[in-house]
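**Student:** In case you want the letters, here they are:
Number of protein chains: 2
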Amino acid sequence: MGHMEITITNPLDMHLHVRDGEMLQLVAPMSARNFAGAVIMPNLVQPVANLQAMHTYAERVREAANDSHFTLFMTLFFRNYSEKELRAAQNMPNFFGIKLYPAGVTTNSDEGVRSLRAVESTLRHMEELGIPLLVHGESQGFVLDREAEFLPVYRRLAEQFPKLIICMEHITTAAAIQLLNEHENLCATVTLHHLELTLDDVLGGMMKPHLFCKPVAKREDDREALLQAVLSGHPRVMFGSDSAPHPVHKKECCECAAGIFSAPVALCCLAKIFAEHGAIDKLQAFVSDNACRRYNLIPSKKKVILCDTPMQVPMEYCGYGQKITPLHAGEQVPWSIKNVEV
Amino acid sequence: MGHMEITITNPLDMHLHVRDGEMLQLVAPMSARNFAGAVIMPNLVQPVANLQAMHTYAERVREAANDSHFTLFMTLFFRNYSEKELRAAQNMPNFFGIKLYPAGVTTNSDEGVRSLRAVESTLRHMEELGIPLLVHGESQGFVLDREAEFLPVYRRLAEQFPKLIICMEHITTAAAIQLLNEHENLCATVTLHHLELTLDDVLGGMMKPHLFCKPVAKREDDREALLQAVLSGHPRVMFGSDSAPHPVHKKECCECAAGIFSAPVALCCLAKIFAEHGAIDKLQAFVSDNACRRYNLIPSKKKVILCDTPMQVPMEYCGYGQKITPLHAGEQVPWSIKNVEV
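Keeping their order, the protein sequence lines are chains H and S.
Quick note: the first sequence uses my numbering, first residue 76, plus one each step.
Quick note: the second sequence uses my numbering, first residue 76, plus one each step.
Honestly, I wouldn't trust all of these hints.
Repeated chains share a single entry, so a pair holds when one copy, or any two copies, can fit it.
Derived EDC-like pairs: lysine to aspartate or glutamate, alpha-carbon spacing no greater than 20 Å straight-line [claimed, not checked]:
1) K283 / E330
2) K413 / D383
3) K283 / E406
4) K398 / E327
5) K413 / E351
6) K413 / E80
7) K283 / E327
8) K398 / E330
9) K413 / D356
10) K238 / E195
11) K378 / E416
12) K283 / E295
13) K325 / E97
Don't read these hints as lab results, they were simulated from the structure.
If we strip away everything but chain H, and leave its shape as in the complex, we get (with noise of 0.2 Å):
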């Protein structure tokens, strides 16, 4: 039996994918389960860049979830959108904010964009009618680089949109975080396994396909940043998972797939790490309230009573034909959810 609780009002996951077809009805409950909330990247294989296919991938993504209390934010893929578009985007219901990919860094990202300049008016119109700006911010450079070599562009957004609300999303390097705090309007998500992994988890020893991801783990130094930053309770910055699943075979293969399917075991392998470094109480500012905060956000009304009794976690998640190893597959996590109360 456990000795510790602790309750989580409203967890949101302001960073998640959950494909399409038979692995969104696998992987999509299991968000819905734990979170109030999440927040749905567009890159499917057709990304979803206008409003209609937004709606429609919205309609399968809450039938998948089928939970009532499980709040859908769903983004578009960036183009170049006119005014009229943002605004018919902004009176969607579950409309949240546009996600810009430079063209071919990750997973079906070929249709991103390959130059800021051109899509300077849909930005102020973003500023204009407050719609968050999401970025995967990487350049083309070499992999451990590319984090750091994008982080100009989001200087230069920062100043010349200062109204607007820019997301760098799953950050991975100090650099990262010193330049989140110096430009108000910038804000990141950071995801459990980037606080957990380096790249020596990766292929320090033997390689692991299911540690690989999209910003790649970098140095223990960088890892270090990053959990002081989210343990500090810093205000900017939220919790978002990038669960990014792939079907086992296209993970252990000859050319393996990036991200890290870690949903079901975000929430209590958050609750561990807070609470090894005496930080539970800052545990509710990075999973939601900061994010409410932040995107004036009202998500369904959910509590997550997490106890400090061990959750095992399975080798594998099968289901509608599909098979996903999750992050800690086989291994225990000294934290679970006892109950979730609506």
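Got chain H sorted already, so can you dock chain S onto it with the hints?
**Tutor:** Below, chain S alone, put in the same frame as chain H:
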């Protein structure tokens, strides 16, 4: 039909893993066919750490290679050998040198050396007897820093044992090339794959287990420094493939083994690289002369005639119940072996 030909006399692979058992049966002939000799690494599951083990392993390799024109240069796994043991080793016909692994850095190196100070007397005897020391030079640090962090150890060895022949095996960094230039008693092997790959190839796009090796491929600057040394005919830089076969199921799985199987394509790929850079006249030095001079080697006489007719690399090499994916599986290499004369 090709228009260019080059004849390599006595090509040598100065760093080769042929494993044991069925894998040995499959891979040994592929090296024997193309090379006049090879330095055989001792890191079997039970390391080759005594003369009897070395003798019987040499017999097994000879039998598997089945080529009387393929000279075996056998190595012992480093431990504290006595002067008597070292003298006895020198009297064995195939003995070449001693391979030092810092503990735990690569495949089957758990038995490696933990402190250099404790092995000074053995190094002193090796220096006096003229026995080469081959070193896997990596620290236990962050995966990309390991070689750089080990360089001070090389420097200390080079200064403390000025007549010891010290080979920096499979170097991967510009910093290692620089150190090499500072000490006449240092030499180095360079692999084919470190002339071709950077970390971007390994996980900059999809993650490629078949391109995963230790030391891991580094940055483009490092690759270029290796290439420059090799193509300029650096007299103390020798080809060592570090060809290290693993069965496919140990590469395409959740914990992938380190090692690239390049033996069957190595010479052809090297010819391509040297020809592309207008340095085909330097290939003989890299793949044979530098090593023969450095170590006073007299390999079996073998001439390998390469021509610029393309070679189709198979997707896998199979036999003896084994299946291995080679470097450049399924690709075409623009050079091939036209003939081998003995």
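**Student:** Does each hint hold? Answer for all of them.
**Tutor:** Each hint tested on the structure:
1. K283 / E330: both (12 Å within a copy, 5 Å between copies)
2. K413 / D383: Within one copy only: 9 Å inside a chain, 68 Å across chains, cut-off 20 Å.
3. K283 / E406: The answer is within: 15 Å in one copy meets 20 Å, while 26 Å across copies does not.
4. K398 / E327: both (12 Å within a copy, 16 Å between copies)
5. K413 / E351: within (19 Å within a copy, 64 Å between copies)
6. K413 / E80: within (9 Å within a copy, 73 Å between copies)
7. K283 / E327: both (9 Å within a copy, 10 Å between copies)
8. K398 / E330: Classified as both: same-chain Cα gap 18 Å, cross-chain 17 Å, threshold 20 Å.
9. K413 / D356: Within. Shortest intra-copy distance 18 Å satisfies the 20 Å Cα cut-off; inter-copy 72 Å does not.
10. K238 / E195: within (14 Å within a copy, 66 Å between copies)
11. K378 / E416: Within one copy only: 5 Å inside a chain, 78 Å across chains, cut-off 20 Å.
12. K283 / E295: within (18 Å within a copy, 23 Å between copies)
13. K325 / E97: within (15 Å within a copy, 29 Å between copies)
Hint violations for this structure: none, all hints satisfied.
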